[in-house]
Amino acid sequence: MVLDGPPRVITVGAEPLAEALREQAADTVTVAWRPPMAGTAEALGRVLADPRRRAANELAVRRMTGARPYLAGVRRASELLRLPRGMFLHAGPPITWRRASGPLRGALIGAMLLERYAPDERAAEQALASGDVLLEPCHGHGAVGPMAGVVSPSMWLFEVRDDEHGGVAYCSLNEGLGKVLRYGAYGPEVLERLRWMDTVLGPVLSAAVELAGPIDLRAMIAQALQMGDELHNRNRAATSLLLRELAPAVVDAAPANASDVLRFIAGNDHFFLNAAMAAAKVSTDAARDVPGSSLVVAMARNGTDFGVQVSGLGSRWFTGPAGVPDGLFLGAYGPGDANPDIGDSTITETSGLGGFAMAAAPAIVRFVGGEVADAVAATRSMYEITLAEHPAYQIPALGFRGTPVGIDVALVARTGLLPVVNTGIAGRVAGTGQVGAGLVSPPAEAFTSALAALAG
Amino acid sequence: MTVGTHAGRARVHVTGAASAAVRPVLEAPRRPARVLAAFAAGIYLEVRTDLEPSVIAVITGGASRLPNSVLLSAPLPHVTVGDDAHVGDGSVELGRLSLRARRWWDPAPPLGPVDPARLAAVTLPPPPAGPALAGHPAVDLLAVSCASGRLVGAVTAAEQLVGLGPGLTPSGDDVLAGLLVTLRHLGAATGAGQAVKLAGWLAAAVTYDARTRTTPISATLLHCAARGQAGPEVVAVLRALAGRQALEPALRRLHALGHTSGADLAQGIAIGLDAVLSLGGRR
Amino acid sequence: MGDAVFVRRGVYHDSVTLMRAGAGLPGAEVAVVAMATQLNLGLARDLGFDVPAADPGDLLVALRGDDVAGAAEELDRRLTERAPPGRESEQPPRTTRSAARSPADLVLVSVPGEHAFAEALDAVEAGLPVMIFSDGVPVEQERLLKERADERGVLVMGPDCGTAVIGGVGLGFANVLRPGPVGVVAASGTGAQQVTCLLDLAGVGVSHVLGVGGRDLSAEIGGRSTVRALRMLDDDPATELIVLISKPPSPEVAAAVREVAGALRTPVVTAVLGGDADLTSAAEEALRALGVPVPDWPSWTALGDVADSSGDGIGDGTGGGRALVGVYSGGTLCAEAAAVAGRGEFTDYGDDVYTRARAHPMIDPTLRLEALRKVPPDAVVLMDVVLGHGADPDPAAALAPAIAASPATVVVALVGTEGDPQGLRRQAETLRAAGAAVFASNARAARFAATTASRPPSPAPDSGPGAPGVAAPALGAPGAARLDPGPGIPGAAAHGSGSGPGSGSAPGGVWPGSVTEVS
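Protein chains in written order, with our numbering: chain A, 1 to 456; chain B, 1 to 283; chain C, 1 to 519.
Which chain A residues face chain B? A few, computed with CB under 10 Å, are given here: (1) G5; (2) P6; (3) E23; (4) A25.
Note that these hints are calculated values from the structure, not bench results.
As the structure is a prediction and not an experimental result, all values here were calculated from the model.
The beta carbon of each residue, even a glycine, is placed where N, CA and C say it ideally should be.
Extracted from the complex, chain A is given alone in its bound form (with noise of 0.2 Å):
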């Protein structure tokens, strides 16, 4: 009861009131508080008025963090998505062949190839100029993919469902680092490895995920957060649980071919990175179609966009240029050879993994060109923009408190703190892979024209 005593107060505003306040040796907090994103003042106004965001954004964010991910198998996209003969599913935003960006166009070349639908890469580009070929985001069809995020129908999935809410969300496997189609190159020893994958990887992962049984991805998620990986550019420790998992059944389902895929999935750090993101999409989705509710749902980007889904809005794209990543580069590669942001991974942000669970893994520090204070003050800003704290992925260094989970776009724009986004960098070129990883920032305008959408 306030008048029973001195009161504690939270002070947000002209600092001499609060100076005041300590002047009387009253207890006090104080808000760092700065304007909201310049334009932004009106439809926060009317969103925060909204009388059902509270109790929406309640539902939306304990369905995020209610979801109970498993990874009930791996079948080819064919089996799992309506994927017409010449449609291909990409990452982010729906975007356009004119308007795509080299590694994606590079990608797309690579499954023209793979599915045979071109014999070389002039008729795969031509085709693919022509609009011959339907793009569709990811994120429509219940999949995320990494980097160019490019689905073929020969492409085996990981099929992901949601014990608490049912859902399933699907996302391609990893390919292994350096010249991969997901960061754009097609050369011959891509198609090479994509076909073994359909042969050999993909048919071998599925019995053995059938014979162990639905694999826990929420618990084996908050056991890699306690073993250092924050899930999006560190999978090392998620990677090693899962083989750890599979490897008696691959050795069951396979003998013959148990040791090549046990060795490709030991080669791989990211190898549980799409198990992740597949697990962050039937999480998030759980959340969506919140109405009132002001929850971002996915955040993606194709090379081009950055695009945002909001809960309370439906499946609309909003969407800003997508920035270019600043972090350390491979070998001789430079910034300039950076291709801007893009991939659907940032669903691992969106469900409170990745950047916003930076303060997990000192061990990558570096990526975004700092000390562990940094990694810890990179998750702890996120609070600021959050809705929630998870209940089971948890950050041992933070006194095991739950990573922020549930960005707001109202807190986005009152405080002007974008989310943190860990992420791989491709190469501007198309058919070059990977050049570094780092750190970038999502476009403000992503946010704030949802903010405005909402606001009605």
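Got chain A; can you put chains B and C on it based on the hints?
Chains B and C only, in chain A's frame:
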């Protein structure tokens, strides 16, 4: 800035809050004082004055807000026992600090009317570590005499208890302080006029020669208790007994005070509660 | 002489901090240190600065002088020095929502009005009572906040709530009061200050002062906060008497509030501003209700003739005497003085129109000093000086020389307590020594001024230092109104503010977002 007692060093002006109990001393003409004790979160000053409280606690941070305290918004100065200080003309001058109050709190906030029936239903659980004087004959005499309204017995017991026990605030004093504050506030709140009257007599007996019978700090706190003034931990327990807040957490905070101070105060409160109920005809 | 203009991206400071930091920078003759709002950018451009594009979230610094580099350095030093304390390793919360994760009892919102809703709503949603010091909050947002607050059972004080005292802690413009039995519910901050300061002078303390905002009793808001505040004080064991300082309410709200007040166990003394009771008589009624003798309210005057401040001899209304000019910082005090005096020209420099481009006159005396210079030499000037937390740390220091230099007779209503940081007596003595007649009661000051003005000027103070034949003061400006000396209906004369619900007389426009400071 003015130059203070330390030659050549400027005084640092700081502000804070103070118990309204110290206002008369603070606003009286400036008097000399000296440092009686210095701890991490509190410094006790003995002021050369006939007014009470003659000992003022200058505290900071999480220190208990004793009814004779001045709370600083800044860190305490480094002083040692015996250092000179001054109190009066609106400020406390201590080391390099010159301290003024920008806020006053009431160390004896009224409880408002309380239904005695409600009070009768409350049982005070004993503290985890027993009071230092549990089972002491003077305490038992005090309890029995208060509950039966026998003034002579109560005063006799009280006189035996003043200054009884080791430490800055001897246990006997803490029991008496808890009792006095409880009789005053719960007595007034339940309309048990006899309890308030008993508090008056006991207060007079206890404060009469407290300055010579116990430590100066304890004597000052007895003077405060005689007027119904107490720290927030005691006030919170009384408020809880009155049904205005949860009892258990309030008791926990009270018990945590000092080595046995909290338990001793709680014992005084229990004796007082019993007396208020029986003098009000409820037990 | 050179110009330096720079924009600090994303650096935010509130306008009072900027005003203080930008004042008197060595090496700069002109300095604009302000958030880069359209208004402030325009102002810098008007001053001839070449201003780059900037957001309202950026800090604009435009300096002109012979050492702009030195001035910029000094400015940076001041701004970093003023950064609020806090452990470096800890990231401060960025919203009230985030701050409310740690235990707290109350939220004090003083961000610019257009942004106050978000922070206040955070407080309400966290179940915390909130004081909204900010003004300029749209009435529909106020209604919404108060509806939500009723659902959560929390109190919303304000918007435009300048004063509150809770458990002795002074919030906003509040005085250092002794603890005691009187609880105050006030639609006017300076009104509450006057009443509580008089009670303090009479030795009677205050339990809490709960402000409700100037619009609370309007039909649109329906007195929601007033009713809640009354009930809270009724439940508060420390409160034995409630003083309700109300704006003229809408009739249906008045009835509802009356009904609530009548059903309380705690007696209620009501003063309706603009009615026939002034604040001093409200304080006196409270004292009588407590059985405390009403003292002779203190005054400090070199003019001798204080006895006649009873109001006898105030005007025959012919206006045959001297000009009476009210130069006020508090809207409610201004309205009260005008009503009591019954004639004269009163200006509330605390009104929005004056505070839009600068800090409140309780902090920044510039406008009032200017007004004082312009009054006719034989005029009687009536002004208020309000002490306490948040106010000018030494208002007499700036006013005294101006009063001494003025050929006019100056009467001051000094609202404060001895416990205030500025010290009531010290301020009074300084003002008196400068030649002012000083009163702790605004109503008494107004009566004294009116009586003095109704007589021919005494010869002595008239031989001012070659006072120029200044014409009428800068009236006709917004916020000023001429009082018709004729009918003299108390409270009927309209003012810049303080004359009705919604006109916001609490010291509201104090730190508006669009404040511009030029030194």
